[in-house]
Structure formats: structure tokens, C-alpha cells
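Chains as they are written, first to last, in this note's numbering: chain A, 1 to 127; chain B, 1 to 149; chain C, 1 to 332.
Hints are computed from structural coordinates only; laboratory data are not their basis.
Errors might be hidden in some of the hints.
Simulated pairs of lysine to any residue, SDA-like, Cα-Cα distance not exceeding 25 Å [as the list claims (entries may be wrong)]: (1) 121/A <-> 243/C; (2) 243/C <-> 22/B; (3) 39/A <-> 27/B; (4) 39/A <-> 80/B; (5) 112/B <-> 243/C; (6) 121/A <-> 80/B; (7) 121/A <-> 119/B; (8) 25/B <-> 31/A; (9) 89/A <-> 58/B; (10) 39/A <-> 292/C; (11) 89/A <-> 147/B; (12) 292/C <-> 28/C; (13) 14/A <-> 112/B; (14) 18/B <-> 316/C; (15) 125/A <-> 236/C; (16) 39/A <-> 71/B; (17) 125/A <-> 84/B.
One side only, chain C facing chain A, incomplete, derived with CB under 7 Å [stated by the list, open to error]: (18) 26; (19) 43; (20) 45; (21) 140; (22) 150; (23) 151.
The beta carbon of each residue, even a glycine, is placed where N, CA and C say it ideally should be.
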Amino acid sequence: MEAEILSIFLAYLKAFAVGGGICLIAQIIINYTDLTAGKILVYFMLAGVVLTSIGLYQPLVEFAGAGATVPISGFGYLLANGAMKGAEKGLFYAVTGALTAASAGVTAAVVFAFLMALIFKSRTKRN
Amino acid sequence: MTGRTRENYNRNYLEYVKTQDPPTKHFKNCLAAFGVGGFICCIGQFIRYMLGYAGLSGDELAGSTSVILIFIGCLLTGLGVYDRIGRYAGAGSIVPITGFANSVTSPAIEFKTEGWIYGMAAKMFTVAGAIIVFGVFSGVIVGLVYLFL
Amino acid sequence: MNKKGNTIFFENAPRITSFAAVCGSKESEGIIGSYADIALSDDMYGESTYEKAECKMLSTAISLAVKKSGYKENEVDVLFSGDLLNQIISASFAARDYNFPFLGVYSACSTMSESMLLAAALVNAGYINSAVAATGSHFASAERQYRYPLELGCTRPPQAQWTVTGAGANLISSGGRGVKIVNGTMGRVCDFGVTDVNNMGAAMAPAAADTLIRHFKDTETSPEDYDLILTGDLGALGSRILKDLTWEKGFDVSEKHVDCGEIIYKVIESEFQGGSGAGCSATVLNSYVLTKMSAGLYGRVLFAATGALLSTVSSGQGESIPCISHAVQLEN
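Using the sequences plus the hints, can you model the full thing?
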């Protein structure tokens with residue numbers, strides 16, 4: 001029982017450290033360059049794709065769990081992983097694999113954004 | 001004194017401006033990004049455990065986790081909370097998947113005044129569209145490379 | 001000859017007969033709050049979109065200025081106005097409510113001083129009797145057009161400024177009482193190669209310095225001759241740069257210089273630089289400064305609003321930011 005609690009605690013700690021670390025790297029890049037949020041998201045996603053395709057991201061996911069999948073680089077991991085798995089099945093799946101794997105995220109973003117737009121209005125800011 | 005003809009003065013001026021810049025609070029920014037980013041990942045980990053207890057596993061588990069996180073991101077954006085977190089946390093709230101949700105939802109809410117089709121729907125991916133475009137394109141390349149290797 | 005260098009002298013001394021300002025809720029907490037005619041509690045001003053709210057603020061300011069002047073609406077000869085939105089929609093949409101002619105001007109955040117300069121020139125020349133100069137801006141509509149959606153969670157670098165929600169208008173006429181417009185210096189476009197759209201202060205400071213120095217030379221005055229040298233929206237950082245640039249050329253403005261952007265909010269310089277936008281100089285001038293001038297607290301004020309002439313297209317293509325500043329000299 002104690003061992004199980006310890007392992008859960010460790011999992012949270014790892015998720016915190018790795019996820020926070022990825023954000024920290026992004027923040028350092030933002031501080032020292034003038035990259036905007038949109039560019040940071042694209043670069044980190046691409047970094048996820050590249051690292052996954054050369055086999056470096058998978059160990060990180062196994063180590064840190066949500067710490068590696070929740071940042072946008074995890075989205076890249078999902079895409080590349082889908083493409084790599086698809087490639088084993090043939091040309092058609094090699095091409096469609098990436099977006100198939102990411103379909104949940106994209107669908108959720110579109111549907112929820114639509115619903116929020118139905119309900120909410122943007123509001124002006126004071127600070 | 002008009003700038004264009006005096007390239008040299010320009011360069012001096014830009015260097016001078018750099019010396020006048022207010023200091024960026026590196027330590028505070030980085031700490032906020034690390035803390036908030038890590039916290040959001042811990043929420044992700046918590047959702048993973050909960051869904052795991054509910055009997056989900058594999059791709060279904062990973063997909064459902066990100067769907068729930070995206071929902072949280074969208075909702076906080078709609079409530080007008082996420083931009084406040086972002087103002088404070090910087091990359092800590094941009095880089096997690098909730099930041100992606102925020103970048104889809106914020107233009108959708110913002111531009112619905114220009115109509116549902118050309119406003120809300122068309123502008124929805126003004127920021128996040130780049131992620132989909134480069135993601136799909138690089139994914140296809142990875143797939144093709146693996147196919148022919 | 002009533003022109004020297006780039007400065008035109010108004011020997012018939014057109015007067016600012018009346019002035020009015022409307023400001024948003026964030027602005028009303030600052031220095032101008034008790035001087036503005038209307039302080040909004042709701043930035044939407046009861047409208048459905050931010051653009052409509054901006055337009056309504058502008059037309060409220062125009063109506064108030066006309067009303068306070070004692071002129072009837074059909075006695076006003078022309079309206080000079082502009083704003084920050086594409087195709088200056090706020091100004092032209094506000095103008096459709098009135099039956100006097102409208103001349104649209106665009107000079108970004110220096111629209112107020114350009115409008116006043118043009119209005120004073122026409123009045124001085126005797127073509128017209130009275131003209132309204134007005135401009136305004138709204139934080140949310142400017143943010144939407146120039147930056148990101150309001151709800152996007154992105155950071156604000158310490159160099160950034162905050163677009164003022166507010167509008168100001170004044171009525172310039174050939175006779176009567178009020179503050180005189182003595183002369184005006186037309187600005188030249190200055191571009192020192194600043195490309196950072198978050199650092200408007202640094203981009204605009206050279207234009208302000210250029211106009212101020214040419215004004216001092218043309219009018220053979222020095223900074224000490226003024227009670228107040230009021231720039232538009234340089235912010236804290238831009239103001240420091242302006243002081244350096246003018247000092248370099250032998251004019252020390254530091255004693256007399258006040259920047260509208262720097263005083264409109266409580267500025268913590270390591271976090272942000274102050275206000276910006278067309279409404280910034282318009283509200284400060286048409287509430288605080290002109291009230292104090294009418295009360296005789298300031299005798300001679302040089303008002304030089306500054307504008308950054310960029311668009312999202314030009315900055316997207318990596319162009320640097322050309323800037324301009326027009327000055328008008330006001331006297332009691």
C-alpha cells in the first residue's frame with residue numbers, strides 16, 4: 001500500500017518536473033527572443049514530432065506520463081506516433097495516421113470552442 | 001534627422017534603445033512558467049489516474065485526457081479567466097494543451113460579432129491553424145519516411 | 001510671410017471655444033477622472049460591439065463640445081476627425097449623425113494635433129468660422145485589430161503600452177473667448193528602424209524630438225518659454241528617450257515635459273509604460289490640460305501628439321515603424 005502511494009506521488013512529481021521544465025524552456029526562449037505565443041506553439045509541436053520520430057520522446061512519455069503528453073510537444077508526439085504506426089500498415093495509413101491520432105484533440109477543440117462562442121462574449125480587460 | 005537615409009544613426013539608435021529597455025524579470029517569469037506549467041501537467045496526470053480507475057487504457061485514455069483538458073481550457077477562456085493566468089504564467093499556460101484550446105476559443109468568441117461563418121468559424125484557427133498545418137504536414141513526412149525506410 | 005520652416009503661424013489666433021472628453025472606467029480612476037465630462041462605468045457604453053462603443057464615445061464627445069460652445073449644430077462648418085480603426089470607421093460613422101461636413105484625417109495617435117492644426121489653419125485663413133477637431137480610441141477594438149483576441153492568454157512585455165479607452169473633441173472658432181492656437185508645426189515622418197511593435201515609445205520618440213526641435217528653431221523659443229510641453233503617448237520609456245534625444249541637440253525639455261501616456265495611468269515602469277492610442281492625448285488635452293489652461297494655471301503649452309504609422313500588414317512583412325508628430329502651440 002505504501003509503495004503504491006509512493007509511486008503515485010512520484011508520478012505526480014515527475015509530471016510536474018518534466019511538464020514544468022518544458023514550459024520553463026519555452027519561457028526562457030520567450031524572454032530572450034521576441035517569439036510570439038503562436039510561434040512558440042508551432043516550434044514546440046514540431047520539436048515533439050522530430051524527437052518522437054528519432055525515438056527520443058517515447059522514453060520521456062514513459063518516464064513522465066502527463067508531464068510529457070500535456071505540453072504541446074505531446075501533441076507532436078501523438079501526430080508522429082500515429083504516422084509511424086500507420087506506416088507499418090501501408091501507404092494510405094502512413095499518410096492519414098498522423099491526423100487520425102490527433103483527431104480527438106482537434107475535434108474537441110473545434111466543438112468546445114464552438115460551444116463557448118455560443119455561450120460567451122469576449123470582455124474588455126482592465127489589467 | 002529622418003532615419004532612413006542614415007543607416008548608421010539607425011544602428012546607434014537601436015543599440016541605445018536596447019540599453020534603455022526595462023529589465024525583464026527573468027527569474028519571476030521562469031518560476032511562474034515552471035510552476036503553472038507543472039501544475040497543469042499534474043492535473044493531466046490526475047485525470048489520467050481517474051480515467052484509468054474508470055477502466056480506460058491505451059489510446060482511449062490518452063485521447064480522453066486531452067479532451068478533458070481541452071474542455072477545461074475552453075471553459076476558462078470563455079469565463080475570461082485563462083488570459084489572466086496567461087498574463088501571469090506566460091509559457092506556463094501557453095505550452096500545455098490548454099493553451100492550444102485557449103488559442104482556438106479566444107478568436108472564436110472574439111470574432112463572432114463579424115458573423116458566425118466568416119467571423120466565428122473562419123477566424124477560429126487564426127492562431128492555432130499554424131499548429132494543425134505544420135502538425136499534419138510534418139506528420140505526413142514522418143509517415144512517408146518510416147514507410148520507405 | 002506667416003510660415004517659417006515647417007511651422008505655420010496663425011496671426012488671427014483661432015480659439016478653442018469649448019472642449020469635451022469621454023473616458024473609460026480604467027481611465028477614470030486616474031488623473032483625468034475628475035476632469036472628463038463623462039466617465040463610463042461600462043466600456044461597452046451600452047452597445048453590442050466595441051467598435052460601436054468607440055463610435056458612440058466619439059460622437060458623444062463631439063456633441064458635448066458643440067453644445068458647450070454655444071454654437072448650434074448647423075453653425076459648425078466642418079468636422080476634422082479620425083481614429084485608429086481600419087478606414088477610420090469610428091470617425092466616419094460618428095460623422096453620419098451630423099449634418100456638417102466631415103474631413104477624415106488619419107495620423108494614428110497624433111490625429112488630435114493634426115486635426116487641431118488643420119482646423120486652426122482653415123479658421124485662421126477665414127474660410128470657415130468654426131470647426132470641430134475630435135478623435136478617440138478603444139482598448140478592445142484596437143487590441144482586436146492590432147494584436148490578439150482579448151481572451152488569448154499571452155504575456156505583455158514590460159515595454160508594452162495600454163490603449164486608452166476614451167474620446168476627446170474641441171471646437172475651434174475665429175472669435176470669442178478661450179485658449180488661443182498660436183502656431184502649429186507640421187510633422188515629418190521619422191523612421192529609426194525600430195521594428196518591435198511592443199516598443200512604440202522607442203519608435204515614436206525620434207519623431208517627437210524632431211518636431212519639438214524644429215518647433216523651437218522655427219519659433220525661436222526654448223523649452224524654458226513654455227509652461228508645459230505635452231507629448232502624446234510616448235510612455236515612460238519613450239519619454240526618457242525623448243529627453244535624451246532633445247538634450248543631445250541642445251534643448252533640455254526635462255523640466256517642462258509631460259507625457260499624456262505616462263500620466264493617464266499609474267505607471268510601474270518595470271511592468272508597463274503607460275497609455276497609448278489616439279484617445280490618450282485627446283482625453284488628457286481636452287479634460288485636464290485645457291481645464292487648467294482655462295483657469296489660468298498654464299499660460300503657454302506646446303502640444304505634440306505622436307503617432308506610429310504602422311499596420312498589421314506592414315509589421316507582418318517585417319517593416320520598421322515610421323512615426324510622426326504634429327505640434328500646436330496653445331496660449332492663454
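We went through each hint and held it up to the structure:
| no. | hint | in the structure |
| --- | --- | --- |
| 1 | 121/A <-> 243/C | 43 Å, violated |
| 2 | 243/C <-> 22/B | 16 Å, holds |
| 3 | 39/A <-> 27/B | 22 Å, holds |
| 4 | 39/A <-> 80/B | 23 Å, holds |
| 5 | 112/B <-> 243/C | 44 Å, violated |
| 6 | 121/A <-> 80/B | 9 Å, holds |
| 7 | 121/A <-> 119/B | 13 Å, holds |
| 8 | 25/B <-> 31/A | 9 Å, holds |
| 9 | 89/A <-> 58/B | 19 Å, holds |
| 10 | 39/A <-> 292/C | 48 Å, violated |
| 11 | 89/A <-> 147/B | 9 Å, holds |
| 12 | 292/C <-> 28/C | 17 Å, holds |
| 13 | 14/A <-> 112/B | 41 Å, violated |
| 14 | 18/B <-> 316/C | 22 Å, holds |
| 15 | 125/A <-> 236/C | 21 Å, holds |
| 16 | 39/A <-> 71/B | 23 Å, holds |
| 17 | 125/A <-> 84/B | 9 Å, holds |
| 18 | 26 | 5 Å, holds |
| 19 | 43 | 4 Å, holds |
| 20 | 45 | 11 Å, violated |
| 21 | 140 | 4 Å, holds |
| 22 | 150 | 5 Å, holds |
| 23 | 151 | 5 Å, holds |
Taken one by one, the earlier hints fail for this structure at numbers 1, 5, 10, 13, 20, listed in ascending order.
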